[in-house]
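Visitor: Sequence:
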Amino acid sequence: AAAPGTAAPAPDPSAPAPTEEEMRRSADELRRATVPASPRQVNFAWTLDEAGARFTGRGVARFQAPRRFRLDLFGPRGETYLAAALVDGEARVPPALLERFRLPSPALLWGAVGVVEPPADARLLEASARGDETTLRYQAGDDVLEYRARGGRLQSVRRRRGSAVAESIDLTYNDQGVSRAQYRDWAAYRTLNLTTESSSDVQPFSEDTWRPAGT
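Each residue of the sequence shown is one higher than the last, beginning at 7 in the working numbering.
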């Protein structure tokens with residue numbers, strides 16, 4: 007099924023086109039606004055719908071943005087469904103768990119916690135603003151990453167290949183921050199919903215946090 011299009015705010019036709027420097031400044035401002043100042047831990051409930059099958063459980067995300075991320079998903083009996091880390095863009099996933107769940111691409115994984123973090127080699131194509139809404143587009147290899155934000159908060163991420171959406175993240179917020187993240191892998195008919203149960207600033211994590219067992 008094709009992903010429903012999410013149109014970005016139309017640019018003001020009377021406004022001059024932003025310069026490259028203005029676009030970079032706008033993109034950097036948004037990235038800084040979405041990066042927490044402290045390490046964070048988010049506990050959540052998750053539901054995975056994949057090609058007609060449904061799985062549920064709880065999980066935890068631990069991250070020191072924008073360089074280090076750890077994601078653990080547990081089943082209803084506490085069994086490990088996924089244990090993975092992302093360090094400087096490198097995914098670390100135990101081979102035994104690779105078949106259970108394919109990790110979202112790094113930009114989408116960061117997007118799930120509201121952080122704008124495109125790949126290091128991504129090229130900024132567009133940074134536009136209208137009112138309190140900002141749209142960023144990056145070229146990353148064969149893909150285009152599209153970020154939409156409102157009031158300095160990330161609302162969605164789309165990874166497009168050609169005219170099709172390959173992956174997407176959509177966020178919902180409450181007074182405490184991200185309350186729900188919905189990840190979709192469109193080709194695999196996979197939808198992962200994360201519902202935040204708690205989110206807090208924490209002390210820096212130990213180095214072994216970023217080395218899941220088996221990696």
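The hints are simulated quantities; they were obtained by calculation from the structure and are not laboratory data.
Note that the Cβ used here is the ideal one computed from N, Cα and C, for glycine as well.
Check each hint, because a few of them may be wrong.
As the list claims (entries may be wrong) - Listed next, with one range per pair, are the computed distances between beta-carbon atoms: (1) A43 to L131: 40 to 50 Å; (2) R31 to T178: 45 to 55 Å; (3) S169 to T215: 37 to 47 Å; (4) E213 to A193: 27 to 37 Å; (5) R38 to V66: 43 to 53 Å.
Visitor: Looking only at beta-carbon atoms, does the pair S169, T215 fall within the given range of 37 to 47 Å?
Guide: Taking Cβ atoms as reference, S169 and T215 lie about 39 Å apart, which means the hint holds.
Visitor: Has the hinted range 45 to 55 Å been met by the Cβ atoms of R31 and T178?
Guide: Between R31 and T178, where Cβ atoms are some 29 Å apart, the hint is violated.
Visitor: Confirm or reject the claim that A43 and L131 have a C-beta distance inside 40 to 50 Å.
Guide: 29 Å, violated
Visitor: Please test the hint of 27 to 37 Å on the beta carbon pair from E213 and A193.
Guide: At 36 Å between Cβs, range holds.
Visitor: Range hint 43 to 53 Å: satisfied by the CB atoms of R38 and V66?
Guide: 25 Å, violated
Hints 1, 2, 5 from the list above are not met by this structure, while the remaining hints are.
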